[in-house]
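Colleague: Next come the chains, spelled out residue by residue.
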Amino acid sequence: MGTEKKEVLVSIRDLEIKFDEYVAVSNVNFDIYKGETFSLVGESGSGKTTIGRALMRIHETSKGDIFFKGKKINQKVGARLHKELIKKMQMIFQDPAASLNERATIDYIVSEGLRNFRLYKNETERQQKVREALLSVGLLPEHLTRYPHEFSGGQRQRIGIARAMVMEPEFIVADEPISALDVSIRAQVLNLLKKLQQEKELTYLFIAHDLSVVRFISDRIAVIHKGKIVELAEAEELFLNPLHPYTKSLLSAIPIPDPRLEKNKKLVVYTGEEHDYSEDLPKWKEIKAGHFVWANDAEEKRYRMQMKIG
Amino acid sequence: MQDSRFEFVTVDARVAEEIEAPSYSYWQSVSKQFFKKKSTVILLLLMVVIILVALIQPELSGYDPMNSPNINRPEMRFRGISLQYPYGTDGVGNSVWDVVWAGTRTSLLVGFIVACINTSIGVVVGAVWGFSKAIDKVMIEVFNIISSVPYILIVTVLLYTFGRGFWQLILAMCLTGWLSTAYFIRTQVMIIRDREYNLASSCLGTPMLRLVSRNILPYLLSVIMTNVSLEIPAAISTEVTLSFLGIGLNVAVPSLGRMINQYANYFNGYPHLFWAPVLTLALVTISLYVIGQTLADASDPRTHR
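Chains Z and U, in that order, are what the protein sequence lines are. Under the working numbering, the residues of the first sequence are numbered 14 to 323, in order. Under the working numbering, the residues of the second sequence are numbered 2 to 306, in order.
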């Protein structure tokens, strides 16, 4: 595998998530290594947020296992593990307008998790922690008495980040943290996430629908389509040698900031009819070290050929 | 670029984060918004006067529906409007002014107590009901059954069971009255229950009770206000209707409803006897309704600024 030396933080095996009878996500297998940024990319409704929320134990799973540091977490957990998981795993939400309680002050919002488990010895220590969290995301301590609606979108997203950081987590699910933001402040928030990752040795699961953003921040990328992960590889490998037709289609959809090139760009349309899965059923296959794809035997042969030529 | 009309500025990241606007206070904004509307302030003053007079005047007049001191003095019956008898006197020689205030006091008490009890129970039950899917399964059936029977029928049957009287009436009106408030709150809770900020709170391990009290109920403040502003006049109307029909309060308790019932007989000869309680009732109900609505609007932060 070539990646064995790395420590596995989160591990997902044969995961399936059902909403009543509808299967939202199935056959999901991946590991997230400590300290890396793992990105999950797919279109709306593909199930990427569902996987993120299952990791945060918001959604129940119907099959498979989720392990965090070797402990199974997609089941009822005891109070001690619950507390530990909440401290170690945090989430950053997509919509900064909807993810903050409008009727609470920033002080309450940021210290909510601290209060729930009394993660401080006294009031002074709590205030100290909240202040540090605010400063670490570039906000000012005098913002503590303010309400969310007084802030801009970028500031609000940073409040959401401070709320997660104050718990001193190891793993963060970032659910499209920049897609609701103005283009001019997207870089600001991405840079902040990157800075915090380096300072605090964080591991990210970054959920996005935009491959171009993901390329520059991810170590590895998984592409998800209709609830199934179709391809997983290291970021550059995925961009250089995309195998699955859906990945190719996504890559061809990235806008090129040059009107002449953009005009002559050939879009690859993915319909799902490229596959013949009538007899030869697809499986999760490793074509090259660390490069996985959802394919059947015939496709696997073709992909291997392609790899050698490419 | 060499142009003396331009100069370089330095960007201070700290200054960029500062918020110029003065700090926001929720309740200050609510009161500011409320007192901005002059018509409501006038009605509020009127309501304060009505409540004070209704509480004090019956104590001074000593009116007792069971005791009519002038019943054997024919010259006291049907006196016209005068300084001594502002609304004249009725068929048994009582001052209608005294009777109206005594009745108003009963109506206001019934209205406030019933609205208070129904809203308190309704909000607590509704909040839990909206949150728990297991409770919803049971409660929705209970609600369907009880709400399919007319409210006034339930209260009437309960009154026949408990007997007539002030506290019996309140018990009868509250026993099932909170259900509609609870259902209303349940629906509101369901609307905001799955918003992202609530998911964020559960990711932080916030227990359900705090989720309800800190994340849900503050959002519902203005709809609860609206509900109360409808509930008080509605409770007063129910009391008056029942007393008018002769099933609400017993004869020992003064009531606007029974007054309207009795004085309706003299409508042709002495219409002011009928209009005195009816107009007082209308004034009380409309004022309460308008005040409640303005308060509900003011407590909605979208109107602030």
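Don't read these hints as lab results, they were simulated from the structure. All C-beta atoms, glycine included, are put in the ideal place defined by N, C-alpha and C. There could be a bad hint or two in this list.
Computed footprint of chain Z on chain U, listed as stretches where at least three residues anywhere in the stretch have a Cβ under 8 Å from a Cβ of chain Z [claimed, not checked]:
id	stretch
1	109 to 122
2	178 to 190
3	199 to 205
4	237 to 246
Listed below are the simulated DSS-like cross-link pairs for lysine-lysine, each with C-alpha atoms no more than 25 Å apart in a straight line [to be verified]:
id	chain 1	residue 1	chain 2	residue 2
5	Z	Lys261	Z	Lys239
6	Z	Lys89	Z	Lys100
7	Z	Lys239	Z	Lys213
8	Z	Lys241	Z	Lys142
9	U	Lys138	Z	Lys89
10	Z	Lys84	Z	Lys239
11	Z	Lys239	Z	Lys207
12	Z	Lys213	Z	Lys134
13	Z	Lys261	Z	Lys208
14	Z	Lys31	U	Lys38
15	Z	Lys100	Z	Lys239
16	U	Lys33	Z	Lys31
17	Z	Lys276	Z	Lys239
18	U	Lys134	Z	Lys76
19	U	Lys37	Z	Lys89
Just some of the chain Z residues that point at chain U, by a computed CB distance under 10 Å [said to hold, decoys possible]:
id	residue
20	Glu125
21	His156
22	Pro295
Colleague: Compare the structure with each hint and give your call.
Modeller: Against the structure, the hints come out as follows:
1. Here the stretch 109 to 122 of chain U counts 0 residues with a CB under 8 Å from a CB of chain Z, which misses the bar of 3, and the coverage is violated.
2. Judged by the Cβ-Cβ criterion of 8 Å, the stretch 178 to 190 of chain U is not covered by chain Z as claimed, because only 0 of its residues qualify and three are needed.
3. Restraint check on the stretch 199 to 205 of chain U versus chain Z: 6 residues with Cβ-Cβ distances below 8 Å, three needed, restraint holds.
4. By the rule of at least three residues with a Cβ nearer than 8 Å to a Cβ of chain Z, the coverage given for the stretch 237 to 246 of chain U is violated, with 0 such residues.
5. Annotation: proposed proximity of Z:Lys261 to Z:Lys239 holds, straight-line Cα distance about 16 Å (limit 25 Å).
6. Proposed proximity of Z:Lys89 and Z:Lys100 is supported: the alpha carbons are some 17 Å apart, at most 25 Å.
7. Distance check on the hinted pair: Z:Lys239 and Z:Lys213 sit about 34 Å apart at the alpha-carbon level, beyond 25 Å; violated.
8. Distance restraint check for Z:Lys241 and Z:Lys142: the Cα-Cα separation of roughly 40 Å exceeds the 25 Å cut-off, and the hinted pair is therefore not satisfied.
9. Note on U:Lys138 and Z:Lys89: the hinted pairing holds, with a Cα-Cα distance of about 23 Å set against a maximum of 25 Å.
10. With a C-alpha separation of about 28 Å, the suggested pairing of Z:Lys84 with Z:Lys239 is violated against the 25 Å cut-off.
11. Taking the CA atoms of Z:Lys239 and Z:Lys207, the gap is about 29 Å. The hint is violated against a cut of 25 Å.
12. Simply put, Z:Lys213 and Z:Lys134 have alpha-carbon atoms about 22 Å apart, close enough for the 25 Å limit, and the pair holds.
13. Distance hint between Z:Lys261 and Z:Lys208 is unfulfilled; the C-alpha atoms sit about 31 Å from each other, more than 25 Å.
14. Distance check on the hinted pair: Z:Lys31 and U:Lys38 sit about 53 Å apart at the alpha-carbon level, beyond 25 Å; violated.
15. Proposed proximity of Z:Lys100 and Z:Lys239 is contradicted: the alpha carbons are some 31 Å apart, above 25 Å.
16. Taken as a hint, the U:Lys33 and Z:Lys31 pair is broken in the structure, with Cα atoms around 50 Å apart against an allowance of 25 Å.
17. For the given pair, Z:Lys276 sits about 29 Å from Z:Lys239 by alpha-carbon distance, which is inconsistent with the 25 Å threshold.
18. Our distance criterion of 25 Å between C-alpha atoms is met by U:Lys134 and Z:Lys76, whose separation comes to about 22 Å.
19. For the suggested pair U:Lys37 and Z:Lys89, the alpha carbons sit about 53 Å apart, so the restraint of at most 25 Å is broken.
20. Checking Z:Glu125 against chain U: minimum C-beta separation of about 5 Å stays under 10 Å; hint holds.
21. The interface hint given for Z:His156 holds, since its Cβ lies 7 Å from the closest Cβ of chain U, which is under the 10 Å cut-off.
22. Taking 10 Å as the C-beta cut-off, the interface hint given for Z:Pro295 is violated, the closest approach to chain U being about 33 Å.
The structure is inconsistent with the numbered hints 1, 2, 4, 7, 8, 10, 11, 13, 14, 15, 16, 17, 19, 22, although it conforms to all the rest.
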